[in-house]
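Undergrad: Counting from 1 along the sequence shown, just add 4 to a position and that's the residue number in our numbering.
Quick caveat, the hints were computed from the structure, so don't treat them as lab data.
This list has only true hints and no planted wrong ones.
FRET-style restraints, in silico, Cβ to Cβ:
#, residue 1, residue 2, range
1, Thr7, Asp121, 47 to 53 Å
2, Arg264, Asp62, 41 to 47 Å
3, Pro247, Thr124, 39 to 45 Å
Computed from a predicted model, the values in this text were never measured in an experiment.
Each residue gets a CB set at the ideal place from its N, CA and C atoms; glycine is no exception.
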Amino acid sequence: MPTHHEIPATPETMVLGYFDAALPPVLTVASGDTVTLHSHPAGGRESLHPDPARVPGDLLHALDTLERGPGPHFVTGPVHVAGAEPGDMLQVDILDLKFRLDWGFVSILPLLGTLPDEFTDYETVHADIDTARGLCRLPWGTELPLDPFFGIMGTAPPAAWGRVGSPVPRAFGGNMDNKELRVGTTLYLPVFNPGGGFYAGDGHGVQGDGEVCITALETGLTGTFRLTVRKDLPGAWPFAETPTDLMSIGLHESLDEAMRQAVREMVRLVCARTSLTRNQAYMLCSLAGNLRITQTVDGNKGVHMLMPKTALASTSGAA
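Using the sequences plus the hints, can you model the full thing?
TA: In structure tokens:
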């Protein structure tokens with residue numbers, strides 16, 4: 005029977021600002037086990053809520069204890085999944101997300117964001133999170149529905165890459181900032197090292213496609229995932245599926261190239277799941293696929309394509 009595990013948000017179970025295949029696992033699980041992990045919001049002391057009573061002690065302890073790498077993100081892990089080997093895919097079923105804080109922050113920061121030369125009046129604002137109403141309230145009064153997700157989910161990078169900063173998403177996933185990766189979605193991540201080395205962090209309360217100013221509503225989340233080794237899914241690039249759509253992911257410094265990758269990957273995924281030819285899959289992408297800008301601020305920009313599963317239902321081939 006699958007076992008459930010829990011990982012607290014402590015300096016012993018997370019790193020700050022990087023990924024590294026050389027890090028020892030904080031937990032080893034069997035394929036099919038579930039894991040609940042706790043996380044802290046990205047950012048440093050300058051991002052903390054001005055009311056000290058609303059800042060948990062474990063967040064302060066982590067800021068005081070952990071050595072910061074090239075990025076601002078706390079990431080919990082790595083989790084070793086027994087049996088995962090390079091060339092496999094790690095299936096990550098996102099089962100549950102809960103808020104750990106009753107606030108989040110949004111920032112405009114120097115040299116970052118989509119329009120860094122136009123927005124130089126730098127500031128950080130804090131929003132109240134009301135989970136009972138399912139809303140966050142911004143300082144100027146706007147209320148937005150909460151829609152939580154982890155900005156970072158990934159496996160350990162290839163060992164030859166060494167220590168990799170957390171801001172830039174790559175083949176192992178990482179800081180994809182894809183708001184579609186919410187509860188009910190399944191993410192598939194390539195395995196580059198024995199055990200996979202699953203990480204998650206960078207909790208977001210709500211985000212628009214693009215994340216244009218550099219942050220979403222940055223907050224702390226607790227997530228529950230089912231981790232399953234898939235040896236029957238070839239591929240070296242992340243993809244996902246929601247209850248209604250198949251999702252391809254493109255990541256590149258050029259938004260045009262990220263778009264082309266998202267289309268190319270969707271053609272591959274459609275061909276793998278159906279009996280369609282590449283030409284037919286390409287035409288189907290033009291008729292039913294929906295390209296969206298994931299984020300424009302993480303070094304490698306993101307584009308994802310959503311293909312309704314209903315568009316694949318009448319084709320033959322593997323489901």
